[in-house]
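For the record, the sequence lines run as chains S and F. In this text, residue positions in the first sequence follow numbering that gives the first Met the number 0: the first is 0, and each later residue adds one. In this text, residue positions in the second sequence follow numbering that gives the first Met the number 0: the first is 0, and each later residue adds one.
Rather than coming from a laboratory, the hints here were simulated on the basis of the structure. Quick reminder that beta carbons are idealized off the backbone N, C-alpha and C, glycines included. Just so you know, not all the hints are guaranteed correct.
Okay, the calculated beta carbon distance ranges per label pair [claimed, not checked]:
hint, chain 1, residue 1, chain 2, residue 2, range
1, F, 100, S, 153, 26 to 32 Å
2, F, 134, S, 56, 21 to 27 Å
3, S, 153, F, 220, 44 to 50 Å
4, S, 57, F, 182, 30 to 36 Å
5, S, 152, F, 159, 26 to 32 Å
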Amino acid sequence: MASEKSSSDLTLLDFWVSPFGQRVRIALAEKNLPYEYVEEDLLAGKSERLLQSNPVHKKIPVLLHGGKPVNESLIIVQYLDEAFPDTPSLLPSDPYARAQARFWADYVDKKVYDCGTRLWKLKGEPQAQARAEMLEILKTLETELGDKEFFGGEHGFGFVDAAFAPFTPWFMSYEKYGEFKVAEVAPKIAAWAERVGKRESVAKSLYSPDKVYDHIGVLKKKYGIE
Amino acid sequence: MAMEKAAAENAEKAAPLKLLGSWASSYTHRVQLALRLKGLEFEYAEEDLGSKSEALLRNNPVYKKVPVLVLPDGRALAESAIILHYLDDAFPSARQLLPADPFDRAVARFWCHFSDDKLGPAVGAVFASTGEEQEAAVRQVHENLALLEAELREGAFKGRRFFGGDEVGFLDVVLGCGSYWLAVFEEVTGVQLVDADAFPLFHAWLRDFEAQEEVRETIPSVDRLLDYARGLRQMLLAMAAGAGAPADAPTAAPPSAAPPAPATADIAVDI
């Protein structure tokens, strides 16, 4: 992670394994923007700076630009496109393509993390339902990806790729808890995950599936779940 | 080159946009209002949410919801906030709804998400519940409104007549198309949601918003909204009480009234 004092005056309040924070790290790397990375130890409590920067939700990631806070990962990524127009953009320029990119990033946002959480947190019927939903989500994304190298299509690696890539290390955990294989349910997504994982901005922002799995174990202990 | 540009502009004006919507859906109203504010012509098709059209299912296969904007070439867009962004992008010479400054845009998007994620569901929860559960939901609504009031009073929107500044903008459309439900729900549930004393700036904003010509053209009459809300409240309470079998619920609406009660998830009793 970049931690030198930034000439672009950017600071990122983040949590190492957060897929939402990772979206921002990926975007910053794609744009080659230096920034100060600040690890918030969320399991120990929230810092004053975090509480002041995001008083409404008290969540990371928070991007501070010249001290002014921008909250919510997808909003931050769009902000980076708009505030740094001379850097490679993650959203395409065509209005319809932009709308589609926003739609699918929003879909990932609405569906993946919540469903995944239910998958590892719950048991019995509710877990079975989460499993069914996860398969549906993966299949829907598989259809959208199709034979494209990236979700961004002609544009290349883009907004939706950055939005979804951080969930790829979570696939192994979803597979274990849901007893399925992404490669069987959504082979194109599995192939995309491997491709995208090799991209420099993504590789240096994500942690291994084992680390994610261990983190889930820590959370389960914390919530008193077997 | 000049002639090609003129032809393209004419095509842009001549070809109609088509909006699939539902008369009581505040998400639909957002798009209608945006189109009117921008002076963009459009055709409107009312969807029976209890019996969705093939066009809706084909154009929004992921969510199967309104609103859906269908472009002249047949391509479709769903999700109201995304449609509003598209309209700004696709019609750059028409009135822009989002602010120009990147930071202001981020703030507008943040509160839009807050409206859809927190405030709207909280208001919906008040409407769908009773007793202690409702009391908790009311407290939630008040907490959420207090946050907006604070932003109007001393935060991001300090000193502004509208969230967009001197004129109605993106966040006004998002919050406004839905806020009209507050007075309706107050009437139907007997619960106070927006106290003018507790939320003076929000109250004043809402009054100014609702006085705008394009808004008056877009929001259905209070009587229709009250009728709809009363029927909906009955149905939701019946479902909550477990007497939710279709035969028991008051889905047989009087002939003159609104379309049959749709699935709860489709009902934009939202804000």
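Here is how each hint holds up against the structure:
no., hint, result
1, F:100 / S:153: 26 to 32 Å, "holds (29 Å)"
2, F:134 / S:56: 21 to 27 Å, "holds (24 Å)"
3, S:153 / F:220: 44 to 50 Å, "holds (47 Å)"
4, S:57 / F:182: 30 to 36 Å, "holds (31 Å)"
5, S:152 / F:159: 26 to 32 Å, "violated (39 Å)"
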